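Peer 1: Protein chains in written order, with numbering that gives the first Met the number 0: chain A, 0 to 354; chain B, 0 to 283; chain C, 0 to 255.
Heads up, some of the hints might be wrong.
Now the stretches of chain B that chain A is said to cover, found in silico as 3 or more residues with beta-carbon under 8 Å [said to hold, decoys possible]: (1) 16 to 24; (2) 198 to 205; (3) 223 to 236; (4) 246 to 252.
In case anyone wonders, no lab produced these hints; they're calculated from the structure. Here the structure is a predicted model, which is why all the values come from computation and not from measurement. Built from N, CA and C at the ideal position, the CB exists for glycine as well.
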Amino acid sequence: MSKTRFPLRAALAGTAAVVTLAAPAMAAEELNALIWCDHADADLLKPFEDAHDVRVNTKEYEGTAAGLAILDQSQPGDWDVMVIDAVDVGRAVERGVFAPLDPAEFPMGDYFPELTLDSHNSVDGTTYAVTEKFGYNTIAFNKAKVDEADMEDMGSLWSGKYDGKIAIYDYYLPVMGLVGLSQGVATKDLSAANLETLRDPLYKLKAASRQVSDVVASQTALATGEVDVLIGGGEWLTAVLHSENPDLDWTIPKQGALLWAQSIAVLKDSQNPDLAKEFVKYIVSPEGQARLATSSCYWGMPVNKKAGEVLDDSQKAVLRWDQQADYLSRAQLYPVPDADLDAEMQSMWTDMLQQ
Amino acid sequence: MSIEQAERRRASALVAPALLWTLAFFVLPFAGMVWLSLGHLEGREVVAGPGPENYVRIFTDPSFLKGIRVSLEITLVVTVISVVLAWPLAWIIAMRVPQRWQRLALMLAVLPFWTSYVVRSYSWALVLGANGVVMQALIGAGIIDEPVQIMATRTATVIGFVHFFVMLLTLTIYSNLVQLSPNYARAAADLGASGWQVIRLVILPLTLPGVMTGAFLTFVLCIGDYITPQILGGNNELTLPQLIMLQLGRRGDFPMASALSVVLMALVTLAYAASARWLKMDRV
Amino acid sequence: MRVLGWIYLALAYGFIFLPVGALVLFSFQDGRLPVPPFNGPTVKWYADVLGDRDLMAALVNSLMVAAASSAVALVLGFLAAQGLARVALPGSVVMRGLLIAPMTVSYLIIALGLLSAFNHIGLRPSLMAAGIGHVVINLPLCFAILFAAMGAHQQNAERAARDLGASELRVLWHVSAPMLRPALLAAFFLSFTFSWDEFIIAFLLTRFDVTLPVEIWSMLRSGLSPATNAIGSLVFLVSVALLVVLEFTVFRKVRK
């Protein structure tokens with residue numbers, strides 16, 4: 000009779016044993032962070048967790064709409080901090096989900112001046128978020144395979160020369176922004192009236208490319224030589240591969256590029272607002288900034304210039320630390336579509352995928 | 000109370016928990032989803048229905064229609080290829096491999112089942128890439144001069160799917176084959192049928208229920224899968240599940256995701272109706 | 000004909016093992032790119048994977064969800080099969096159809112339905128939610144396997160036990176369950192396997208604590224690295240080892 004019970008009971012007992020053995024020592028407190036994948040790096044979180052005896056729980060999301068949907072589906076107090084596209088801070092403030100921050104508590108004086116982004120991080124004079132990292136969505140390429148001079152002109156992608164050797168990064172906002180730049184439409188001018196002018200070049204771009212892919216598939220294709228050019232890519236995508244293939248490079252073509260910037264905010268209903276604010280302080284400190292800049296998911300420029308004292312020279316070379324002044328002057332922020340335009344852009348993106 | 004009534008009451012009590020579970024966590028959520036699909040997203044807010052907006056869009060928007068077509072095409076091709084490849088494999092294992100090695104042969108044939116599903120799709124991406132093992136071997140053997148693009152095409156998606164379903168179907172067809180009495184084949188041979196005729200006229204028809212059950216399962220699992228086309232298809236065309244996840248992940252458009260799911264469900268129901276006469280679902 | 004058969008068998012095994020072979024080989028790749036050329040062996044990715052707190056937690060979560068959801072599905076399926084096999088209840092065809100129905104529905108649909116339903120009642124995404132979803136997909140499987148395994152022989156034994164005064168629970172535990180042992184084992188381990196490897200339900204219904212397939216998915220999206228191969232190979236080797244152990248212990252006894 001006892002044999003009958005064996006497998007079930009053994010399975011449960013075995014599981015219980017594993018649980019007991021593997022359960023990490025419980026930290027006193029928990030902080031729940033709704034984030035992008037670069038914040039999930041243990042090397043970034045560990046110093047903060049150790050210093051405050053707290054466990055940082057992270058949940059990744061992609062796209063502001065999805066992030067806000069997660070907030071909608073949660074109970075008040077579920078979340079303490081949120082990483083969000085700098086240009087979308089206003090959308091979240093509109094919903095009343097962020098707590099005001101006092102900019103004086105953060106090292107704004109050490110920021111690259113272009114990156115304080117007051118107009119985006121604050122609403123009606125109240126600051127709700129601080130910028131934490133930035134970079135460019137532009138053209139990444141394998142310089143052993145392409146003519147570098149071609150990469151200075153976005154038109155090359157439509158010339159036929161690189162047909163079948165192009166990958167498109169699968170995020171509609173930056174890539175449609177870039178296609179807009181190629182058509183002479185500044186990102187801030189993108190509207191329902193001129194959106195249709197992007198359709199044809201977008202479809203042609205799809206026809207010339209091999210795939211439309213997420214970060215890892217794009218990295219794989221670029222690193223293994225399946226494609227030679229990636230539109231939408233930048234240092235955030237090639238930096239981690241630098242040691243494998245130093246030929247992977249990026250540039251900002253004459254038409255310009257898109258500047259991405261991410262902000263971090265404290266949620267209004269946070270159960271632990273003081274600790275949440277400490278986390279934000281850690282993230283924008285030189286130490287946190289350097290770790291965030293070189294996070295395992297993707298690299299990007301720190302907004303706090305003092306991080307330069309923590310980063311080593313080779314890291315700074317990969318990040319193009321010294322060229323930022325020029326790059327910043329030629330880059331534009333993401334388009335900020337309203338709900339209707341956003342729906343139309345996504346729909347055009349889906350149409351493009353289905354071409 | 001008669002003995003029979005008491006027996007019935009006891010039986011009902013035994014069935015009740017499973018039925019309640021299915022009602023609470025399957026029937027009700029599904030009904031809720033159908034209701035949600037009749038609402039729609041206006042701006043960034045969900046407007047409750049009932050209204051046909053989403054369905055009208057699905058059946059008029061070329062991108063959604065193409066999604067339905069792509070899903071059906073891939074699923075049908077995968078189902079047919081998998082059956083055609085798996086049947087001989089199951090037959091060889093059941094009829095040609097000596098009895099004492101059969102169990103081992105079968106276990107080997109389904110062993111990769113136990114790699115993680117997500118990782119398995121991803122490893123096909125590595126194998127099929129321009130620098131992958133397959134292309135390098137073909138180039139090394141002088142069969143092709145330069146890599147042919149397979150990765151990030153529908154072919155890659157189909158290969159990834161076929162790999163999984165050949166294992167599944169080999170299992171279902173094998174179990175059907177070993178249940179057949181050898182007398183059928185012997186009788187046919189006595190009546191003068193050749194070896195090939197025995198397979199075609201006797202064994203093949205007898206395995207039809209097993210094949211159809213396996214094929215239906217393949218259809219259901221294949222048409223609803225998100226991972227394989229997402230990893231291997233390179234976003235060059237989107238299947239229904241990819242469109243559903245796009246509505247959820249990028250837009251947070253629950254009503255549209257629900258409507259697409261209802262359409263997906265309808266396709267599966269059609270497939271069920273088409274194959275129902277051969278299916279014995281409660282005997283899988 | 001005979002030779003053709005063996006060639007076919009060899010080719011089929013080649014196809015079936017191709018991705019697994021490549022997976023395992025490149026889990027030892029020295030360098031970040033898990034593609035040829037092979038740069039020579041290293042075990043550093045295995046060290047990475049074993050030292051990864053989130054990955055190990057996900058592994059434990061997966062084991063818990065799989066064990067718990069399979070156990071619940073098994074009990075519910077066993078009771079339902081007992082009830083329906085015993086007497087002809089009014090509407091028993093409908094009930095059988097209803098219990099089997101989730102098997103004919105894509106996991107994505109089940110996941111989406113539960114996600115909106117749980118949102119509606121305010122149940123947060125969690126391992127528990129994913130476990131509930133896994134019971135939904137595994138209940139039909141357990142029910143079908145056990146229902147098919149029940150026969151007149153066993154019903155006679157149950158009736159005899161009841162006539163001798165055994166309570167319903169005692170009959171189920173001491174007569175029915177032991178007689179159905181092979182089917183119960185098969186149902187449990189099949190459910191366990193499905194739950195262990197299930198992605199989409201777990202992906203949509205969990206939040207901080209995730210299962211292994213979900214953790215692997217986010218690894219796969221967050222950076223190119225042979226660590227993905229290493230965890231895939233580890234899962235494979237552990238599963239196969241378990242399978243072999245089961246084959247030589249539990250199932251061998253059952254077959255006798």
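Peer 1: Hint by hint, which ones does this structure get wrong, listed from lowest number up?
Peer 2: Result: hints 1 and 2 break, sorted rising.
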